[in-house]
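Colleague: These are the residues of each chain, in order.
Number of protein chains: 2
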Amino acid sequence: MFSFLLHKQSQNSHARAGVLSTAHGDVLTPAFMPVGTLASVKGLSPRDLKEMGTELIVANTYHLFLQPGTKVLEAFEGIHSFMAWDGPVLTDSGGFQVFSLGLGKKDKQVRWSAGNNDQKLAYEIKEDGVWFKSHINGDKYFLTPELSIQIQESIGADIILAFDECPPAGCGYEYTKKAMDLTHRWAIRSIAVKNRKNQAIFGIVQGGIYDDLRTESAAFIRELSTDGFAIGGLAVGEKKPDMHRVLDVLAVELPPEKPRHLLGVGAPEDLIEGVRRGIDIFDCVLPTRLGRHGSILRSTGKINIKNARFTFEKKPIEETCSCYTCKNFSLAYLQHLFKAHEALGGYLASYHNVYFLLKLMRKIRDAILKDQFEGFAEEFLQSYQR
Amino acid sequence: MFSFLLHKQSQNSHARAGVLSTAHGDVLTPAFMPVGTLASVKGLSPRDLKEMGTELIVANTYHLFLQPGTKVLEAFEGIHSFMAWDGPVLTDSGGFQVFSLGLGKKDKQVRWSAGNNDQKLAYEIKEDGVWFKSHINGDKYFLTPELSIQIQESIGADIILAFDECPPAGCGYEYTKKAMDLTHRWAIRSIAVKNRKNQAIFGIVQGGIYDDLRTESAAFIRELSTDGFAIGGLAVGEKKPDMHRVLDVLAVELPPEKPRHLLGVGAPEDLIEGVRRGIDIFDCVLPTRLGRHGSILRSTGKINIKNARFTFEKKPIEETCSCYTCKNFSLAYLQHLFKAHEALGGYLASYHNVYFLLKLMRKIRDAILKDQFEGFAEEFLQSYQR
Numbered sequence: 007m008f009s010f011l012l013h014k015q016s017q018n019s020h021a022r023a024g025v026l027s028t029a030h031g032d033v034l035t036p037a038f039m040p041v042g043t044l045a046s047v048k049g050l051s052p053r054d055l056k057e058m059g060t061e062l063i064v065a066n067t068y069h070l071f072l073q074p075g076t077k078v079l080e081a082f083e084g085i086h087s088f089m090a091w092d093g094p095v096l097t098d099s100g101g102f103q104v105f106s107l108g109l110g111k112k113d114k115q116v117r118w119s120a121g122n123n124d125q126k127l128a129y130e131i132k133e134d135g136v137w138f139k140s141h142i143n144g145d146k147y148f149l150t151p152e153l154s155i156q157i158q159e160s161i162g163a164d165i166i167l168a169f170d171e172c173p174p175a176g177c178g179y180e181y182t183k184k185a186m187d188l189t190h191r192w193a194i195r196s197i198a199v200k201n202r203k204n205q206a207i208f209g210i211v212q213g214g215i216y217d218d219l220r221t222e223s224a225a226f227i228r229e230l231s232t233d234g235f236a237i238g239g240l241a242v243g244e245k246k247p248d249m250h251r252v253l254d255v256l257a258v259e260l261p262p263e264k265p266r267h268l269l270g271v272g273a274p275e276d277l278i279e280g281v282r283r284g285i286d287i288f289d290c291v292l293p294t295r296l297g298r299h300g301s302i303l304r305s306t307g308k309i310n311i312k313n314a315r316f317t318f319e320k321k322p323i324e325e326t327c328s329c330y331t332c333k334n335f336s337l338a339y340l341q342h343l344f345k346a347h348e349a350l351g352g353y354l355a356s357y358h359n360v361y362f363l364l365k366l367m368r369k370i371r372d373a374i375l376k377d378q379f380e381g382f383a384e385e386f387l388q389s390y391q392r
Numbered sequence: 007m008f009s010f011l012l013h014k015q016s017q018n019s020h021a022r023a024g025v026l027s028t029a030h031g032d033v034l035t036p037a038f039m040p041v042g043t044l045a046s047v048k049g050l051s052p053r054d055l056k057e058m059g060t061e062l063i064v065a066n067t068y069h070l071f072l073q074p075g076t077k078v079l080e081a082f083e084g085i086h087s088f089m090a091w092d093g094p095v096l097t098d099s100g101g102f103q104v105f106s107l108g109l110g111k112k113d114k115q116v117r118w119s120a121g122n123n124d125q126k127l128a129y130e131i132k133e134d135g136v137w138f139k140s141h142i143n144g145d146k147y148f149l150t151p152e153l154s155i156q157i158q159e160s161i162g163a164d165i166i167l168a169f170d171e172c173p174p175a176g177c178g179y180e181y182t183k184k185a186m187d188l189t190h191r192w193a194i195r196s197i198a199v200k201n202r203k204n205q206a207i208f209g210i211v212q213g214g215i216y217d218d219l220r221t222e223s224a225a226f227i228r229e230l231s232t233d234g235f236a237i238g239g240l241a242v243g244e245k246k247p248d249m250h251r252v253l254d255v256l257a258v259e260l261p262p263e264k265p266r267h268l269l270g271v272g273a274p275e276d277l278i279e280g281v282r283r284g285i286d287i288f289d290c291v292l293p294t295r296l297g298r299h300g301s302i303l304r305s306t307g308k309i310n311i312k313n314a315r316f317t318f319e320k321k322p323i324e325e326t327c328s329c330y331t332c333k334n335f336s337l338a339y340l341q342h343l344f345k346a347h348e349a350l351g352g353y354l355a356s357y358h359n360v361y362f363l364l365k366l367m368r369k370i371r372d373a374i375l376k377d378q379f380e381g382f383a384e385e386f387l388q389s390y391q392r
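Protein chains in written order, with the working numbering: chain A, 7 to 392; chain B, 7 to 392.
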């Protein structure tokens with residue numbers, strides 16, 4: 007029920023175009039996945055997602071475990087029928103959320119270097135798994151690789167991920183290696199309990215910004231014969247040059263015939279740089295989060311919709327864009343909605359932003375198929391102001 | 007550019023079916039108008055409104071005057087192009103908002119009886135008009151009948167209302183009469199300055215819960231030869247029997263050949279009772295406000311989506327409903343969205359609630375045309391638990 011077929015490999019870079027086939031349909035790659043954390047891509051309906059050409063979405067195991075919980079999801083035989091989305095779904099393993107939600111933003115660097123079993127933290131890592139406190143009500147849970155897979159089987163995604171420990175940027179070589187080794191042991195346990203034939207599983211490559219650890223992790227996960235690879239630990243505070251270098255390393259270390267997912271990446275320039283280094287799928291809350299806050303993506307860069315220059319602007323966000331928002335609404339109207347705190351503003355901006363990234367991925371794929379990816383990438387990066 | 011044609015007059019009640027023709031299209035009556043306070047029906051897009059069969063929406067002069075302001079609206083030649091809604095629009099005159107937003111909810115009764123020129127109030131009524139403080143930033147404005155019409159011409163609605171004073175329930179006979187007399191003088195001034203041929207104007211009938219004042223007000227406004235009538239002061243705290251009795255009075259006092267708008271009414275049972283007494287159009291924020299708070303309309307009454315009995319419920323809100331929400335989503339999923347504070351929940355609930363009222367009005371119209379309105383009304387009121 008799962009396969010990955012390469013349609014084209016670029017000559018001048020690692021960029022490639024292909025198709026992922028899942029139990030719920032095909033996904034042309036490279037692809038961007040909107041994030042439906044709680045079985046809902048924030049503010050957008052399933053038909054909005056279909057209309058804009060979404061082929062694959064991500065949902066979060068940690069969040070869905072806490073609410074609505076596995077009993078509800080099982081009653082619906084999984085997330086597809088629960089959220090009325092009949093297309094492919096990928097779930098993360100919950101590891102990243104446990105760690106990221108367990109740390110106050112301010113404390114991330116400080117507390118981590120003090121050791122990860124600090125009593126003040128909302129979680130505690132053991133060999134067996136991780137104790138964490140629910141961010142909703144403080145209840146304690148023990149999440150293990152086995153439980154993560156069990157939850158992901160209840161959710162019923164088409165692609166699931168092995169349980170991992172994702173340390174933040176700046177935690178140092180020794181800790182990063184320790185987390186990587188644990189991730190490897192957890193990957194073995196995740197794969198051992200995975201049962202369902204209609205779910206593919208990706209192993210997660212960790213190793214921080216250290217080339218030797220990344221090489222080691224890629225080699226280890228490769229041996230486990232998972233259906234694909236997810237690359238963690240590159241969107242949790244790392245510098246761009248480090249991310250690019252690590253992706254260069256992985257581009258040759260990972261076997262070309264299997265799909266590669268770069269976790270948590272979605273800024274337009276990062277999509278280009280990721281594809282260039284052989285990444286096939288991406289996920290990120292960026293387009294909907296930016297949209298809710300009135301930050302809108304254009305091919306020349308982001309704009310803040312509240313800028314005074316838009317108050318009387320009759321043009322849409324982009325005249326060349328054919329999304330619902332751009333075909334119908336002016337920048338002046340969008341500004342008004344945001345100033346007046348009307349929910350429609352966040353909806354229309356999110357709609358456009360997700361559409362923008364999906365369209366960017368379609369253009370990238372088209373360029374790869376025509377052997378024009380490098381030219382396209384250069385042109386895009388030159389006009390897109392970061 | 008404006009006409010009202012009666013298709014059918016019920017035999018056993020004042021209920022009637024007809025069609026309003028405006029510069030932006032026809033509206034079959036009786037009709038319910040979703041409220042687009044700030045040029046947006048909260049959470050719903052224009053295509054949602056079209057899809058569910060909305061033929062007429064209301065916008066608020068007071069709110070649009072403060073933001074985006076008339077300059078922006080004029081740059082777009084009116085609200086239709088600004089909000090991308092090409093159907094008919096009605097605007098209120100701003101009077102109701104000035105008074106209702108100027109009073110803290112707690113103080114409504116107390117302060118009013120202390121006299122309406124209380125310094126603590128956010129507005130002050132003069133013969134010429136009313137001083138009010140913006141609820142956004144406290145800036146002072148002087149709204150007159152002339153300015154109200156001027157703003158409504160900038161907004162460019164198909165139907166506009168004369169400026170009125172709408173006193174709250176419980177302000178007593180003397181004050182109600184004073185407010186009514188002022189409303190009459192303001193109606194004359196409103197009509198005198200109205201300029202645009204493609205806008206119809208409705209006079210507002212006031213007079214509180216006093217039959218003699220209502221008779222007097224109806225007679226006065228009737229003489230002004232407006233295109234129709236709006237009935238104010240029946241949705242600001244009055245008791246239901248008073249509302250019904252006053253509507254009974256007006257049913258015979260207002261000329262049958264002109265349309266009648268009951269301001270601010272939208273509960274299902276009130277729509278039935280209004281139609282029974284000759285009302286043609288209604289407006290209310292109820293379906294979207296309820297929807298945002300997880301209160302959902304069904305033909306057996308309202309439900310609270312957070313009720314535990316829905317946690318595993320796979321059925322939609324109503325199996326007989328063919329709205330987008332009911333055709334795709336379960337009660338369990340809706341409950342999950344509300345518990346998880348996902349914006350999609352408010353959207354799907356609002357969508358259904360507005361659809362529910364529009365469908366109710368279509369059924370009412372159908373029953374009138376078939377001379378079966380009384381039977382339909384009785385059946386509906388018996389099954390709908392208030």
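Please keep in mind that the hints were generated in silico from the structure rather than gathered at the bench.
Where is the CB? At the ideal position from N, CA and C, for every residue including glycine.
Any given hint might turn out to be false.
[Stated by the list, open to error] Residues on chain B that point at chain A, a partial pick, calculated with CB under 10 Å:
1. 87
2. 301
3. 318
4. 339
5. 342
6. 353
7. 375
8. 378
Colleague: Against chain A, with CB atoms and a cut of 10 Å, does the hint on residue 87/B hold up?
Modeller: Result: holds, 8 Å to nearest chain A Cβ.
Colleague: Does residue 378/B pass the interface check with chain A, least Cβ-Cβ distance below 10 Å?
Modeller: With a closest approach of 36 Å, the residue 378/B hint is violated.
Colleague: Residue 301/B was flagged as interface toward chain A. Is the shortest Cβ-Cβ separation under 10 Å?
Modeller: 17 Å, violated
Colleague: Measuring from the C-beta of residue 318/B to each C-beta in chain A, is the shortest one below 10 Å?
Modeller: 5 Å, holds
Colleague: When the nearest CB of chain A is found for residue 339/B, is that gap smaller than 10 Å?
Modeller: Status holds, d = 6 Å.
Colleague: Holds or violated: is the Cβ of residue 342/B closer than 10 Å to a Cβ in chain A?
Modeller: For residue 342/B, the interface hint holds, since the closest Cβ of chain A sits about 4 Å away, which is under 10 Å.
Colleague: Answer holds if the nearest beta-carbon of chain A is closer than 10 Å to that of residue 353/B; otherwise answer violated.
Modeller: 7 Å, holds
Colleague: Using the nearest Cβ pair, does residue 375/B come within less than 10 Å of chain A?
Modeller: 33 Å, violated
Hint compliance for this structure: hints 2, 7, 8 are broken, all remaining hints hold.
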